[in-house]
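Participant: Work out the full structure, taking the sequences as your base and the hints as a guide.
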Amino acid sequence: MSSKIAQKRAKQRRRDLMKQKSRIYNQVEPRILRPSAKKRLKLERSRRQWIFPWMINPDYRLGQTYPAASLLGLPTELRQRIFHEAFDMKELSTRARAICPTQVPIKSIRKSQEAKLLETKDPNKGLEVHQAKYTMAIRLRVGEFSCVSALIRRDMEYVKRIWLRDLEGYFRLKDVRSKYEASLDAWLDKVNHRSLNVKGKEVTVIKAKDQRASVIRPQKCWKCTERHVRYDAVCPMTRHDPERWKKLTKKMAGWRPLVSDTSLFEGTRIVFGDDYESWIRSFEVLHSIMIVT
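Position 260 (the sequence shown) corresponds to 260 in the numbering used here; numbering is contiguous.
Calculated directly from the structure, the hints in this document are not laboratory data.
There could be a bad hint or two in this list.
[To be verified] Straight-line C-alpha distance at most 35 Å; calculated DSBU-like pairs for lysine-lysine: (1) K38 <-> K247; (2) K133 <-> K174; (3) K38 <-> K246; (4) K160 <-> K133; (5) K220 <-> K250; (6) K251 <-> K38.
The structure displayed is predicted, hence computed values, not measured ones.
Facilitator: Below you can see the structure in the form of structure tokens.
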């Protein structure tokens, strides 16, 4: 009986000591973020702020030289997307027919020149006449756009590669449909003579234990909208930036104690070696602690 009473008194004494004021402030006042501060922190932590502006627009430091409501005043990605959609396959085929009206194969063209027209590194790949005309039509269109302004000329370096990539995929799709359509149908019509009743040998697969399965990610705190590391009872901003925490928060309403039972002080363990430098470091740490207290 006496041991239980002693334990209760020890617990009560520890609570009283934590509530008392000390030289080093280690007590936490229950506070909560204001609604305006929650919106501000949400905008600061949003994912759209992670993109670096100099990776998207290299000239963002020079300022805007075109009106914001014009085509040249749009963001780089949006402007390049508009140029990419402005030249469709119907207009490309019309321009390709206008370059060379006849469909007679050109006998004098070499395979290396054909590969250069299609911008491929394989000279053995054959290039038909209509494919070369499509590539020439794209280059003429790029030259027309590049004559407008230097900004569009810089955008055409990217849009040209996208046009050629789409054209190559279009030709590849036509070749696959024409060459392998009949063989694919014949392969699908084949009867699988293998018996489905044959059962293979069962093998036990040893799976490694996932170490992350036992780790539970802490939920966001409703006071500070952050995740507490190691299930810490104190909000993270209270430790690393107490002045800002006090500006962004307000006292919690209702009947609550003025000071929480949790402590703000978080000690760190320092291990010293046996060499001379470690002894000097330990002496400096102890001297700084004595000055603070």
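Participant: Is the straight-line distance between the alpha-carbon of K160 and that of K133 35 Å or less?
Facilitator: Holds. K160 to K133 sits at ~15 Å (cutoff 35 Å).
Participant: Could you grab the alpha-carbon distance between K133 and K174 and see if it respects the 35 Å cut-off?
Facilitator: With a Cα-Cα distance of about 16 Å, the restraint between K133 and K174 holds, given a limit of 35 Å.
Participant: Check whether the Cα positions of K38 and K247 lie no farther apart than 35 Å.
Facilitator: Holds, at about 12 Å.
Participant: Has the given pair, K251 with K38, been kept, meaning a C-alpha gap of at most 35 Å?
Facilitator: Within the cut-off at roughly 15 Å; holds.
Participant: Is K220 within 35 Å of K250, Cα to Cα?
Facilitator: 19 Å, holds
Participant: Is K38 within 35 Å of K246, Cα to Cα?
Facilitator: 14 Å, holds
Comparing the model with each numbered hint stated earlier shows that all of them hold.
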